[in-house]
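Residue numbers (the numbering used here), protein chains in the order written: chain A, 1 to 347; chain B, 1 to 347; chain C, 1 to 347; chain D, 1 to 347.
It cannot be assumed that every hint is accurate.
A pair counts as met if it fits within one copy or between any two copies, since identical chains are not told apart.
In silico BS3-like cross-links for lysine-lysine, where the CA-CA straight-line distance does not exceed 30 Å [what the hints assert, rightly or not]:
(1) K209 <-> K12
(2) K188 <-> K313
(3) K209 <-> K77
(4) K81 <-> K115
Hints were generated in silico from the structure; no laboratory data involved.
4 protein chains.
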Amino acid sequence: MRALVYHGPGRKAWEEVPDPTLQADTDAIIRVDAVTICGTDLHILKGDVPAVTDGRILGHEAVGTVQSVGSAVKNIKPGDKVLVSCITACGACRYCREGSYGQCLGGGGWILGHKIDGTQAELVRVPFADTSTYLAPSGVSDENLLMLADILPTGYEVGVLNGTVRPGDVVAVVGAGPIGLSAIMGAKLFSPSHIIAIDKADARLEAAKQFGADIVINNGREDALEVVRALTGGLGADVAIEAVGVPATFELATSLIRPGGHVANIGVHGEPATLHLEELWIRNVTITTGLVDTYSTPTLLSLLRGDAIDAGKFITHHFTMDQFMDAYDVFSRAAETSALKVVLTRS
Amino acid sequence: MRALVYHGPGRKAWEEVPDPTLQADTDAIIRVDAVTICGTDLHILKGDVPAVTDGRILGHEAVGTVQSVGSAVKNIKPGDKVLVSCITACGACRYCREGSYGQCLGGGGWILGHKIDGTQAELVRVPFADTSTYLAPSGVSDENLLMLADILPTGYEVGVLNGTVRPGDVVAVVGAGPIGLSAIMGAKLFSPSHIIAIDKADARLEAAKQFGADIVINNGREDALEVVRALTGGLGADVAIEAVGVPATFELATSLIRPGGHVANIGVHGEPATLHLEELWIRNVTITTGLVDTYSTPTLLSLLRGDAIDAGKFITHHFTMDQFMDAYDVFSRAAETSALKVVLTRS
Amino acid sequence: MRALVYHGPGRKAWEEVPDPTLQADTDAIIRVDAVTICGTDLHILKGDVPAVTDGRILGHEAVGTVQSVGSAVKNIKPGDKVLVSCITACGACRYCREGSYGQCLGGGGWILGHKIDGTQAELVRVPFADTSTYLAPSGVSDENLLMLADILPTGYEVGVLNGTVRPGDVVAVVGAGPIGLSAIMGAKLFSPSHIIAIDKADARLEAAKQFGADIVINNGREDALEVVRALTGGLGADVAIEAVGVPATFELATSLIRPGGHVANIGVHGEPATLHLEELWIRNVTITTGLVDTYSTPTLLSLLRGDAIDAGKFITHHFTMDQFMDAYDVFSRAAETSALKVVLTRS
Amino acid sequence: MRALVYHGPGRKAWEEVPDPTLQADTDAIIRVDAVTICGTDLHILKGDVPAVTDGRILGHEAVGTVQSVGSAVKNIKPGDKVLVSCITACGACRYCREGSYGQCLGGGGWILGHKIDGTQAELVRVPFADTSTYLAPSGVSDENLLMLADILPTGYEVGVLNGTVRPGDVVAVVGAGPIGLSAIMGAKLFSPSHIIAIDKADARLEAAKQFGADIVINNGREDALEVVRALTGGLGADVAIEAVGVPATFELATSLIRPGGHVANIGVHGEPATLHLEELWIRNVTITTGLVDTYSTPTLLSLLRGDAIDAGKFITHHFTMDQFMDAYDVFSRAAETSALKVVLTRS
């Protein structure tokens, strides 16, 4: 088969590799029907994730068709259309039994395209298939379903649920890239009074409006803290969601919330941030971090079947898999191409 | 009357001052029967709290007898024995209506001995008396009741409840001074599997054992992280409570918890700390801060009447009020005197 | 002034009575600008609420203008436009301090038009005015604001929040009268997958669709249990909200939910119901009851200023106060007149 | 092997049967080292559980040693000492993924000694062994560990956690048989102010004191409602736990709680109860039911290793397995024999 293979920092190729085979009786082999590229894949290509080594097939999101399953797999069978989640779950360890699949101690967690070969390929081996895939609901396109592999549960769980967004809240989202937009889409499910998007790129703020932000702040030009305070009688936002991953945006998020407010960090950070405890110690704040666990996938599947979530909004570009190098090029130049999510399907 | 008056950094006196009078119809004048000194009072005396100005009577904890009440006070009357809480609550603002009295927007919060004259005096004026005092239950001594003015609700709310201690948990308490001991006493109410006390002073660790810690670590000599990991199969503690207020102890607390764990900060911080988001972003951690709200006072009053809380354990020294300067001396040299809480009563 | 006075079962009059006066320093006298009639008022007129005696002015919902306040009232002043909540809160008792104002032990709770004279009058005395009224937000009409006095918080708190409606849920609402419609409107704030309205009157089911139900069942003709099971793969609804108040509808609600589901009772019941514990004991169900507490009023005020809640949808008929007898007539014949809420304003 | 076999109402025998064999690759065969009898087994023997048919081996609680495992079993291996939980969990269905193993849709739930052969035998086949057994912690006896198979998680989850017992609460437990005692032991973990045991047998009330009740009421002689009201200033208990399973005790439990209180039903009911909604609709009560899910087993295992839970207190009688008929006799005459839990071990 062909696959997108990492060959060290800055080097990748769409090339011929051996087909994957069942290694454990809980594995499934899935034919990939739709696959996408994540910002994390770009980080890997920069060499930021040393656990990924030369020869690894990238990718941790897919919709596909089951080809074969190990003898212990009960819930999916050849021919089934399934969502392959970015998180693999052994289903039996302490964390899996509490729904914290991202923290799986039994060999799961984020492993696809990281510790084992991933989904950017014609076929993918998925371990613990019973607890790591979801049957596709009828009436949902492969492309829309694909958005539930990572980006939608990440924004919803790590941003919205960790931040405990409630009806009537003022929610500030720092960063209006795909993850920030996912948090905006998720926040709207709880009917906040205001969703404020903060970014330095006007194009992203324009997208934020399309996803449901009613107030946008370009913090290259405007003082976000001042705008938020003016809106909230000086108190601050109920919830601030960090969706960038650098110290400055995290520190901005912690400054925006009211006493008793919540900061939900989604961003992937490469260095420490400063926590202004000399101001925050007295303000009853809650700060959360998290890798997505995907425990919300069943909920999001229900919502996808209705009108509550329009997952298609994320998809800006379409390719066939033999155009994988082009797709990476477009996605990596998002500022110019306005790419949010690119989808690749079989030729 | 006589009162303990602050006269700028390093200067205080037990001196004659005018008696307080009712200023608002929601005020009460309380005769102070028992009063204590808080670590915060020592901070004020160092000049660390600029809002406290020359001439201010210090103190925010008392048990006393109602002398007179304003016309709008309904729930206490002259002659009643009451607990004067460290937090004053208007009872009608947004925060008070949610039980966040420490964040009161209506003129309350921590004001006694801070923005208005406090309790280290023969008489004290208590604003919003209906929602800022509690009738003394029968059968509880003034001294034991006094521990509910600040230290017990602080450890319980900001440490134990914010940290969501649950039966079976492993709880690490960083700092075994009076606040850390209060957190240990509060944590025991939830039957954790282990309470680990961490401090650099052996005498404090000895006290921690008396209050219920079953494991003590002198982190001047031992590696706390290593001990906690060995105890928890490498995962870390379920809850870490910071009860010191300096960057190093906060950073230690964030390193001790398992994925999915909670850090509850109680310490009063004067400078920022480093938050290692490059490690924490992926670990599903929750970090909380807080000034005490005293919403738990009714619960603690119930427990005080039974055997669940032995508040008297905190009281190491007794004085009469005319010995106030001596009491400050003993309390400020806690390392030598082993003082936890000192209690002053009427002569 | 003139007021709607109860004179025993079946007898009422819009008649001249003395103006109310301040009785306690926490009282306010409010000029009534908009007032409505509740189903409970009809119950009182039937003689079902013996605590209401001859001579009582009815009504517990109003929007008005402050005329005068007692000396202890801090937060409203003459000239302010305010919402008069159906629940009066002393603000200082155990229940008020936990936000359970409906259970106030300090002289509040549901007292207006019940234990003291109510709002169906040109003037009304409101006790504990600071914690029982809310300043009107700008840009909201008196009529829309009036819907926050009772019906909207009742459906939201007792139905939606007690039932813990979450995104993706299947919510069944038994009874599509005004309270059921309020529950439907509130449930939509949490983006459920389906809202099922169940009633025997097609006109009410038509209204339910306008309020947001996507599935309607006439249980005079259809088997509600069968429809719900077909929709949910045989499991049952996540949440069932009872909004009628008779045994049959409560028992229906308990039969509709899935294992682990919630039944939220809003209905005012006059007789016991049968609880089928022989089936329910093993199904992990949660059943809640409740009088509205109105703790959600600030949230609903925020939502009212935005587009999330269209309170005007409830208002089907307008009268001036001198038409009070006509208004009662129309409201009491809702099946014929299709009345949901009638609003009376000053002539 | 030999096993305790049900032969229709009133008939059972300890007789020779074929050894169980692995049927699915997720099965394990466990040698039973310690086993007990549950009140439910007595119900089955009366013919109350029609799903149990002639020839079924009874029993759903065991501690044993793994003999063999199917090819898909990862977490236990021959020679391991394990707890066999009363609840079998497929680990992959909707309910299992939420920790509601008792409601498993994938072939689990309460099946041992009910739908498949059970643990009252020398060997037992346990389906879904990875998610239905727990490795024995070191330093815990087989007998004490056995109490975690059913009785302790049932009292803790269905009584204490469903009832949301909190520090300072007044908790009333209706019924002081083994399940009521388990609820008392579990409630103590949360440091309530009072635990009130209510029963008609003085011997059971005496046992309740040993388990931690500080107030006992013989409701054959005393008016429980009056005692509870006197203790609580007329309000009622915070939590009432029903541990009998007949209408009268359920109705008593609903009468005992304060406004805002919780009734947690543990009892297995064979007929409907009357729910006094004409009184309860206005009192903000929460009523829960539940089959045990055993999600708390890891927590209870942690507590068992410490001093927080003394599981051995339940064990009143010891037998070897060849005395199974005698053990049933003693357990079925608990009123005379004072049996709480009987334990049978290998000869």
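Each hint tested on the structure:
no. : hint          : verdict
1   : K209 <-> K12  : neither (35 Å within a copy, 54 Å between copies)
2   : K188 <-> K313 : both (14 Å within a copy, 22 Å between copies)
3   : K209 <-> K77  : neither (42 Å within a copy, 40 Å between copies)
4   : K81 <-> K115  : within (25 Å within a copy, 33 Å between copies)
Consistency with the previously given hints fails for numbers 1, 3, ordered from lowest to highest.
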